[in-house]
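J.: Work out the full structure, taking the sequences as your base and the hints as a guide.
Residue numbering for the sequence shown is 1 to 560, as defined by the working numbering.
A hint or two may mislead.
What the hints assert, rightly or not - Once the Cα atoms are required to be at most 30 Å apart in a straight line, the calculated BS3-like pairs of lysine-lysine come out as:
{"#": "1", "residue 1": "420", "residue 2": "470"}
{"#": "2", "residue 1": "138", "residue 2": "201"}
{"#": "3", "residue 1": "535", "residue 2": "498"}
{"#": "4", "residue 1": "551", "residue 2": "470"}
Think of the hints as simulated: they come from the structure by calculation, not from any bench.
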Amino acid sequence: MTALLPMLIVTVLTFYEARTVLREEIARDMQTRANAASRQVDNMMFERLQNLASWSRLEIMDEVVIGDFDKRLSNFLNELKVSYHGVYQSIYVVNNHNVIVASSQPADIGKPNASVPLWLQISFANRIVRLSQLQQHKLRMASDILDANQHKVGTLWVVFDWSAVTRILESTANQGSAAALINLDDPHPATRVLAETQHWKKIVAAHDISVDSVLQPAAEPPIFNWIVSIAQYRSVVMAPVHRMGYMFILLLIITGLLAATFAAPLSARITRPLARLTDYANHFMRATNGAPPKVDGPTEVRALSNAFSKMMDDLTLSKENLTRAAKLAVAGEMAAAMSHEIRTPLGILRSSAQVLAREKKLSPEGQEVVAFINMETERLNKLVSTLVDSARPRPPEFALHDLVPMVEHAVAMLRMQANKKDVNLAVVLPQPSVAGAVSRVLVECDAEQMTQVLLNLLLNAIQVLPAGGKVVASIIDAADHVIISVADNGAGVTEAQKEQIFDPFFTQRPGGIGLGLAVSKQIVTAHFGTLAVDKSTLGSSGADFRIELPKRQLLQDAAS
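T.: Shown next as structure tokens:
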């Protein structure tokens, strides 16, 4: 019973520490998602304003000036609407009498323009753009059409589908979370929320975990003072920690009940023999001066005498074991202390190997040994760096890189491991646009971090495959993004595993620590990309890990 109190204290401390760490990680992930969504909304609105301001200056708008309204202008407006694939619900032109004279929807021509209260008036690209109040997920935007003397001759209107903003917010939400776009310039709390996902009000009212985006807008000074806020139920994100706490509490309760049930009978059975043994031992020490007891008398006395002799032998053996354990504990403490300094001797070994490599008379065997030293010290250094990076990841350093040699290099580094397991490791590259040219896929990324992600995915596939398995690394080049696929024909990933496969310390491989996919997911998210797993196309089973990255980073586009 005495041991229950320390166990309870350890349980409470463990639960508190795990809850704190998990909450910090969840908050960082929510911050990343909020920043990405805020950047998407800001770029979307910036493009809408740019479209409206530039379209109102087009030569075809001169038809409004000369009053020649034929089907040409309406057809042009319809082509604009179709080319933007549902972004605009309607595009039309009204004259100074507020009558629609050209429209992407011919049925509206000749009708008066609906009157909607003005919301915002923005000066953009030497034009005044007016935004009407949101109604039924529609945002009406207008820019005046001017003649050569800068006199208003009409107005170009676009009806923007506001549900596109809601879809961006929905892409940031996961189980137990919601997101909203908030206008900081609106002093009224009831109208500050411009768009929201399902359950936003309910989650915010619960006062659980919430974060706001902190990214700078695409324009300086900012056009819209909007932020994206993400809120999440604490009970959902803390569910794993709560389950762990409940298991510990249940274990303590069971231990207490067992102790209370069996303590009294066991103590009675132990106390009586110990009392008899104590009496015998006192008599034995006074009478024989430490001589071995005589084994005679009743059966119980002989058993106690034998037990006493065995106990003395066990105590001697225990003393020897304790001494040996103390030495091992000291050695463990020394090993723990030396692990903090492991990089210093690694650096010395590597420097020494580099000096030896420059010796002109070094034999081929010596050169091979030096290469081994360099390779192994680099491997140990990367192992230590991986553990450190998993706790304190550095932000990516974006630069323009070609993914083709990056993927080929990662495959080449793991080719030997694949051959040892008899695993077929292949690469599929996109076809160049010009026959005979070298295939290139340029992406702004951190080459070191993306190489780490590729190595993690390829190594995981090689390790889980049996002999004769197949792994294919491929690149799919699109207009504004690129997809890197690592597919295999192994056992695949179940639906239950998909929900946890990117969680830290979740692993299905014996000997794995479960950090590779978690670190990879963190790196890809920091690149404003996505990492997901799906069914492989190499066979009836298998997994296909897909990295989708934008070719241009939005942060750098805004800075330029």
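J.: With a cut-off of 30 Å on the C-alpha distance, tell me whether residue 138 and residue 201 pass.
T.: 21 Å, holds
J.: Holds or violated: residue 535 and residue 498, Cα atoms, limit 30 Å.
T.: Distance ~11 Å between residue 535 and residue 498 Cα, so the pair holds.
J.: When you check the alpha-carbon spacing of residue 420 and residue 470, does it fall within 30 Å?
T.: Holds, at about 13 Å.
J.: Given the hinted pair residue 551 and residue 470, is their Cα-Cα distance within 30 Å?
T.: Since the Cα atoms of residue 551 and residue 470 sit roughly 29 Å apart, the hinted pair holds (cutoff 30 Å).
The structure agrees with every numbered hint stated previously.
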